[in-house]
Amino acid sequence: MSHSIRLPAPVSFQAIFGNRTYVLCDDEGQITETHSVSAGLDYPGVGPEHAFLKDTGRAEYVGVTDDEALAAFHQLARTEGILAALESSHAIAQAIKLARDMPVDAIVLCNLSGRGDKDVHTIAAREGITL
Amino acid sequence: MTRLDAAFSRLRASDRKALVPFMTAGDPGLDTTVPVMHALVVAGADVIELGVPFSDPMADGPVIQKASERAIARGAGLTHALESTREFRRHDPDTPVVLMGYLNPVEIIKNIFTSKLHKYVG
Numbered sequence: 001m002s003h004s005i006r007l008p009a010p011v012s013f014q015a016i017f018g019n020r021t022y023v024l025c026d027d028e029g030q031i032t033e034t035h036s037v038s039a040g041l042d043y044p045g046v047g048p049e050h051a052f053l054k055d056t057g058r059a060e061y062v063g064v065t066d067d068e069a070l071a072a073f074h075q076l077a078r079t080e081g082i083l084a085a086l087e088s089s090h091a092i093a094q095a096i097k098l099a100r101d102m103p104v105d106a107i108v109l110c111n112l113s114g115r116g117d118k119d120v121h122t123i124a125a126r127e128g129i130t131l
Numbered sequence: 001m002t003r004l005d006a007a008f009s010r011l012r013a014s015d016r017k018a019l020v021p022f023m024t025a026g027d028p029g030l031d032t033t034v035p036v037m038h039a040l041v042v043a044g045a046d047v048i049e050l051g052v053p054f055s056d057p058m059a060d061g062p063v064i065q066k067a068s069e070r071a072i073a074r075g076a077g078l079t080h081a082l083e084s085t086r087e088f089r090r091h092d093p094d095t096p097v098v099l100m101g102y103l104n105p106v107e108i109i110k111n112i113f114t115s116k117l118h119k120y121v122g
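Chains as they are written, first to last, in my numbering: chain D, 1 to 131; chain E, 1 to 122.
None of these hints come from the bench; they were simulated from the model.
Be a bit skeptical, because a hint or two may be false.
[Unchecked claim] Output of the computed footprint for chain E on chain D, the stretches with three or more beta carbons under 8 Å from beta carbons of chain E: (1) 12-25; (2) 29-43.
[Unchecked claim] Counterexamples of contact, computed for chain E against chain D with all Cβ distances above 12 Å: (3) 9; (4) 16; (5) 29; (6) 34; (7) 35; (8) 36; (9) 47; (10) 62; (11) 89; (12) 98; (13) 104.
[Unchecked claim] Here are the in silico distance ranges between beta carbons for each label pair: (14) E:83 / D:131: 42 to 48 Å; (15) E:35 / D:125: 30 to 36 Å; (16) E:110 / D:130: 49 to 55 Å; (17) E:110 / D:50: 57 to 63 Å; (18) D:26 / E:43: 30 to 36 Å.
These numbers come from a predicted model, not from an experiment.
Glycine is no exception: its CB is placed at the ideal position from the N, C-alpha and C atoms.
Looking at chain D on its own, in the form it has when it is part of the complex (with noise of 0.2 Å):
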């Protein structure tokens, strides 16, 4: 079962659910089952704004693992307070690394699309906790 990580990976542009887009396959062109701590990232599909933007060269698609994603939710909850969704935990890894390498008065704008109310009970059954 391949992890959803679709831009960066090979994938092909192909149709899903009657969308022509970037489509995780197999080497026949069977869709892939696939694998993501967030709900809303395991999916073989692209969105086309996505697929789009990936064209046109207007955004750049980076992977990030579950443990980052899970990572970069607490480190957000402790040092801010805010539980973000696990989809946008991904965002928040990915600017918690750029920013590393960047000036420590530079902005850095990052979209948290979502709250992490949803995703409580999913950690902590991942981490071995009982709510």
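Given chain D, put chain E in place with the hints provided.
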């Protein structure tokens, strides 16, 4: 004239309708695809519609979806369907075979073909 044209001409000449059964390549087994194709012809098929298994056969009903799922589990796909057709053709030069499937496996084959073409054309 294609085999399909020839078959329909023959049928029209004797005022008959075409019998076109559908089967999924790789179901019930990888080694039954070709024998079943031949058996269909013996049983009266004029054209064979060979289903190419796909991971997400959403345009098909439950029976064909399940057949596709079983075939995929055995590793059948476009390659198996094409190889089966070639093998079938060795003993049956006439019966038209029409492949039925989805865009994705065809796209992949197109990409593979295009990238290999580069190797030969330079």
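Hint check:
1. 12-25: holds (count 9)
2. 29-43: As far as the stretch 29-43 of chain D goes, the hint holds, because 4 residues have Cβ atoms under 8 Å from chain E.
3. 9: 34 Å, holds
4. 16: 37 Å, holds
5. 29: For residue 29 (chain E), whose nearest Cβ neighbour in chain D is about 18 Å away, the distance exceeds 12 Å, so it holds.
6. 34: 19 Å, holds
7. 35: For residue 35 (chain E), whose nearest Cβ neighbour in chain D is about 23 Å away, the distance exceeds 12 Å, so it holds.
8. 36: Nearest chain D Cβ is 21 Å from residue 36 (chain E), so the label holds.
9. 47: The claim stands: residue 47 (chain E) keeps its Cβ more than 12 Å from every Cβ of chain D (closest is about 25 Å).
10. 62: Given that every Cβ of chain D is farther than 12 Å from that of residue 62 (chain E), nearest at about 18 Å, it holds.
11. 89: Correct as stated: the minimum Cβ-Cβ distance to chain D is 21 Å, above 12 Å.
12. 98: At roughly 19 Å from the nearest Cβ of chain D, residue 98 (chain E) sits farther out than 12 Å, so the non-interface label holds.
13. 104: Violated: least Cβ distance 4 Å, not greater than 12 Å.
14. E:83 / D:131: 42 to 48 Å: 54 Å, violated
15. E:35 / D:125: 30 to 36 Å: The hinted range 30 to 36 Å is violated for residue 35 (chain E) and residue 125 (chain D), with Cβ atoms some 49 Å apart.
16. E:110 / D:130: 49 to 55 Å: 52 Å, holds
17. E:110 / D:50: 57 to 63 Å: Since the Cβ atoms of residue 110 (chain E) and residue 50 (chain D) sit about 23 Å apart, the hinted range of 57 to 63 Å is violated.
18. D:26 / E:43: 30 to 36 Å: At roughly 35 Å between Cβ atoms, residue 43 (chain E) and residue 26 (chain D) fall inside 30 to 36 Å, so the hint holds.
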